[in-house]
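Could you slot chain A onto chain R? The hints should help.
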Amino acid sequence: MSVINVQDITKVYNKDKVPVYALNGINLEINLGEFTAIVGPSGSGKTTLLNIIGGLDAPSSGKVFIENTDMFALKERKLIDFRLHHIGFVFQAYNLIPVLTALENVSFILQMQGLPTSECKERGLTLLHEVGLDDKVHKRPSELSGGQQQRVAVARALASKPNFVLADEPTANLDSKSASDLLDLMYELNQKEEITFIFSTHDQRVVERAKRVVTLVDGLVDSDVFK
Amino acid sequence: MKYSPIISLSWKNIWRNKTRSLVVIVAVILGTGAGVFMSAFMYGMSMQMVSNELENFTSHIQIHSKDYKDEVLPANFISNTDSLIQELSKLPFVKSVTARSVITGLASTSSSSYGVSIRGIDIETEREVTELSNFIKEGEFLENQRSNSIVIGEKLAQRLSLEIRSKVVLNFQDVENNLSAAAFRVSGIYKSSNSRYDESNVFIKKEQLNTLINADGISHEIAILVDDFKMADIYRDSLKLEAGLIAESWGDISPSLRYTDSMVGTMLYIVMVIILIALTFGIINTMLMAVLERQQELGMLMAVGVNKSKTFSMILIETFMLAIVGAPIGIFVAWLGILGMRETGINVSAWADGFEAYGIGTIIYPELQPEYYLNVGILIFITTLIAALYPSYKALKLNPVEAIRKI
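From first to last, the protein sequence lines are chains R and A.
Quick note on numbering: the first sequence equals residues 1 to 227 in this note's numbering.
Quick note on numbering: the second sequence equals residues 1001 to 1407 in this note's numbering.
So here's chain A without its partners, still in its complex pose:
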């Protein structure tokens, strides 16, 4: 094969200046390694944010009365909750389902008050849909028999200066729009990964809330977990609901979450491309130096009959060799790092406040989808090709007569 001596010569050429080539190779290793690992960190963080939001708060599909979507009033409830839950539970893709009564109100103490969402829950089924019961930091999660128990978030407890067994009064409207109030004792304080949520959501027993708003057996929200959250839109469309009810997927409920989920992949590639562009300039610089200091030799090769395609190929192959030596090592090192930290995670508790505001925990578990590695490989191939073009073009533009005489 006529190209095999060119390939052999290219390999020898990249080791002509070992230090220079090693600097480029190390830069490629660090660039690709850091890029891939950073992408895994970002992907893990985003997936954690989406997953936290869905499994702790939003769930995958929610059903409401259409009127409730228009105006959050106690009167806009779902009346036939039990039969609807029974039907939903029979669907093959439904993992778990729970019904909630949800109204807005004001939580008050002797010193302060704050607007909250009062969520009446069924403790048993709620446990199957959300992780809320695992977030209890102090006290218990409504397990006691007392009807006036309330669970509040840590942030709200701080805002209203509440402790376990402290008294708090909830003011709200009932289904007939009459103002009503009830006193509760704090039985538990929770702390989720979303401090905003903790500040504005309180939990009481569903039967208790229904009694207070004079509407036994109703609910305002049915939350469903399905087998694959990515399929939520398809499952939503397959639900056959009676008139007056509306089903929404998590993407409908939280468009920003859907945006995050769809954008994260693109963002990872943007980050990688930026890193690769920086590397490209390093490679161009090195190869340009290699071409310019070898003008005499390249001139000789052209003079004795090495054609343009072989000269072009030689520079192209040298550039690829620099990248091909470094990139797989970088990707492998990043993969090892991801593998090592996939279980233990990366502790970011130093920035806990900032992360929690976005619903992200203090331990980030880096992860990447397998196809990302392949796509990074393709990106490296493309950027290396681009990096090789200019030095190769410079080599082709040499005039052998002049190049031979260059010192």
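For reference, chain R alone in the conformation it holds in the complex:
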């Protein structure tokens, strides 16, 4: 079942009035439960593609369907709401809110959706248990290691039960052990709960664990390998 359907996406930036093609006609279909890595050299368009799939950046042309919803046909307010309910994000720098505890960081997204506090707390605790942070629920980000913070970020991404999780260089700031543990965790969630993960990465360890590797070169899909 197709979760994401990218149709002939281009993205053109005008740098000093000279058009620069970051994406040059990308077609991509990602199905439920995939564990996909988007790789390529710097400037190949990985992050731009991920931002467009996540609705953070609009394409110059082309369409992105998320389970039959034409994402960029939505008005801005609807698009923001769509992200809140349907897409999970994991960022390279974790981007947790420093004044909130791990539990509050995870349940914040659910509170934004208007769920009752007790339900938010319950789901937050369940997710932190799943990512192995039962004993850190009341710790603030500054009291957690990088790996632990990224686990909280993964739990936050899963909070709203999204259609898929976009992870932009999730292991880039982590040491080998933490990166490996995080990949194990995400792989396990993918296997057990059929959560779709899409990574933009340079990290060979991520590529090795991915079930599908899409390679971009100069804004085009150079190869698309299913393992």
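By construction, these hints were calculated from the structure, which means they are not laboratory data.
Quick caveat: nothing in here was measured; it's all calculated off a predicted structure.
Please note: incorrect hints may appear among the correct ones.
Said to hold, decoys possible - Below, simulated DSS-like cross-link-like pairs (lysine-lysine); rule was C-alpha separation at most 25 Å, straight line:
(1) A:1394 with R:75
(2) A:1397 with R:75
(3) A:1308 with R:78
(4) R:78 with A:1310
(5) R:15 with A:1394
(6) R:192 with R:211
(7) R:75 with A:1308
(8) A:1397 with R:78
(9) A:1018 with R:139
(10) A:1167 with A:1205
(11) R:75 with A:1310
(12) A:1310 with R:121
(13) A:1012 with R:136
(14) A:1310 with R:161
(15) A:1308 with R:161
Below, chain A alone, put in the same frame as chain R:
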């Protein structure tokens, strides 16, 4: 409620940098506190000036002959004084009333002379209308039986080198415009809160002055105190006077006093607004720093689906929280100060000469009308809203894709 996590997060955010937030809160406390207290000082001072002027000198309503208003001559008098006073005394809003004979003349000694207003007064009724008898610094207030007693101001005494029992000659015109003169002995020296008044007004008994100007039973001025000086214009219009007489309220007699009374409220708000504008810039600076150093976090919130109205609200609420913590404390501290000094007053005797020139005493009693506190609260609300707009706008303008990657 979807906004409750935003409110909770805003509260935590303002304590993210405790020192910075405390500096702003203390600035708000000092700004509002000092502003409110200063307003109370100014209001108290203005009210004292108005009240002094009315109760010591002008009274609330005065009646004169129309001709006297055109030209201050002894011949332009009110003839039927007694019956008019009787009628006025019956009016429900009249607290007290007195009649005076008032002419201009020259006070002379062997060494010097000075132009003065010679005021013939009825001691008993004058006491009920003005506070003049309480200002006697030396001697007595015309209580003795001697007909040639005169009470002069301290400033005039200094100018003419007069003391108690000194002789002074008054030169004036009588009702037939004949020049006349009479010698008096200083029986009392007064010192009011208005040194200009002290310099140019002398008091003798009304019967004595009337005899000297050859016009028994007349007066030139009837002064009335009413139950509420703010109603003086309405009471003035309700008076039914015979032709040839004119009634004026204190505002008609002293337009500058009316101007002071009406302007003081506006002035207080202008002072407060200036203070709040200064505070606004401090708050804008702090909130702008808070937004700029949290770009990554704000970008993340926008990316994961926190909409613009919630992002805007978060910055707005944080700004309000800074003001809401400080402003009530500032207002409360000022209120305590006003309460504490309302009875004892603030001694400004170091600047007595300057204050007295404007008819203000050396003790200022700060006071404020209750609605001022409410209005200051509304002003703080408005200025905080204005202060919040620019930082909130900056937050809204962030591009989540770029903001997430800011270090």
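For this session: List in ascending order the numbers of the hints, as given earlier, that are violated by the structure.
Result: none
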